[in-house]
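Asker: Letter by letter, the chains look like this.
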Amino acid sequence: AQKVTQAQTEISVVEKEDVTLDCVYETRDTTYYLFWYKQPPSGELVFLIRRNSFDEQNEISGRYSWNFQKSTSSFNFTITASQVVDSAVYFCALSGLYSSASKIIFGSGTRLSIRP
Amino acid sequence: SAVISQKPSRDICQRGTSLTIQCQVDSQVTMMFWYRQQPGQSLTLIATANQGSEATYESGFVIDKFPISRPNLTFSTLTVSNMSPEDSSIYLCSVEDRNQETQYFGPGTRLLVL
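Those protein sequence lines, which keep their order, are chains Y and W.
If you count the first sequence from 1, position 10 lands on 89 in our numbering, and the numbers rise without skipping.
If you count the second sequence from 1, position 100 lands on 257 in our numbering, and the numbers rise without skipping.
Keep in mind the hints are simulated off the structure, nothing from the lab.
Where is the CB? At the ideal position from N, CA and C, for every residue including glycine.
A portion of the hints provided could be inaccurate.
Below, computed lysine-lysine pairings styled on PhoX-like, alpha-carbon distance capped at 25 Å [claimed, not checked]:
#, chain 1, residue 1, chain 2, residue 2
1, Y, Lys149, Y, Lys82
2, Y, Lys95, Y, Lys117
3, Y, Lys182, W, Lys164
4, W, Lys222, Y, Lys117
5, Y, Lys95, Y, Lys149
6, Y, Lys117, Y, Lys149
7, Y, Lys182, W, Lys222
8, Y, Lys149, Y, Lys182
9, W, Lys222, W, Lys164
Just so you have them, the derived chain W footprint on chain Y, three or more residues with Cβ under 8 Å [stated by the list, open to error]:
#, segment
10, 136-145
11, 186-194
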């Protein structure tokens, strides 16, 4: 069975601090996708990144970086120099690789609050 | 990325009534998906909608409660039937983009059932 665990329910940091959101996944598939989505207070779901299981290279996009460790089944997300606008619920998710109707399994989400 | 709109954006409904939510995409897509997000919870897939065929429902969701239409490649509807307060949720549609890179989500419909 596929499962995504985000053990951190809520995190609160002061602006400009770095923060890491943890994500651990379970799957029996040998090939799969991992995602991070952001849900700000307005409610829409914003796509941040997709990673396939073939590519363990870490990725950086501005203040965001992602660390994919297949050996520990983790896909952690770090925000550097956090800003108030980063306050949102962040979801880690998992899906199969080859099916065009891949079901995305979401973690329970981590609510991130950035205090000014 | 695809631009997705949903109507209504929010609604307050009475117990026992039904509400139909519309999802419109600005490009033709093969797969459309409907998710539910109960208050303070994560997203759960309700069903997958292919154009020209019956929707495929996930465990715990049935067609009588959540009938879905998919009349063409840019539009789908989800009906929440015989509503109860437990149906109060955000309902989101999503589409798989043309290159199957990821799923993009609509803005959601916030439903409150009294």
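Asker: Take the hints in turn and mark each one as holding or not.
Answerer: Going down the list of hints, with the structure as the test:
1. As the CA atoms of lysine 149 (chain Y) and lysine 82 (chain Y) are separated by approximately 15 Å, the hinted pair is consistent with the 25 Å bound.
2. Taken as a hint, the lysine 95 (chain Y) and lysine 117 (chain Y) pair is honoured in the structure, with Cα atoms around 19 Å apart against an allowance of 25 Å.
3. Between lysine 182 (chain Y) and lysine 164 (chain W), the direct Cα distance comes to roughly 24 Å. Compliance with the 25 Å bound is thereby established for this hinted pair.
4. Taking the CA atoms of lysine 222 (chain W) and lysine 117 (chain Y), the gap is near 29 Å; set against the 25 Å cutoff, the hint is violated.
5. Distance check on the hinted pair: lysine 95 (chain Y) and lysine 149 (chain Y) sit about 29 Å apart at the alpha-carbon level, beyond 25 Å; violated.
6. Annotation: proposed proximity of lysine 117 (chain Y) to lysine 149 (chain Y) holds, straight-line Cα distance about 23 Å (limit 25 Å).
7. For the hint linking lysine 182 (chain Y) to lysine 222 (chain W), the alpha-carbon distance of about 21 Å falls within 25 Å, and the restraint holds.
8. For a cut-off of 25 Å, the pair hint linking lysine 149 (chain Y) to lysine 182 (chain Y) stands: about 21 Å separates their Cα positions.
9. The hinted pair formed by lysine 222 (chain W) and lysine 164 (chain W) meets the criterion: a straight-line CA distance of about 19 Å does not exceed 25 Å.
10. Against chain W, the segment 136-145 of chain Y contributes 0 residues with a C-beta closer than 8 Å to a partner C-beta. That does not satisfy the three-residue criterion, and the hint is violated.
11. Closer than 8 Å: that is the beta-carbon criterion, and the segment 186-194 of chain Y has 3 residues meeting it against chain W, so the requirement of 3 holds.
Checked against the numbered hints above, the structure violates hints 4, 5, 10; every other hint is satisfied.
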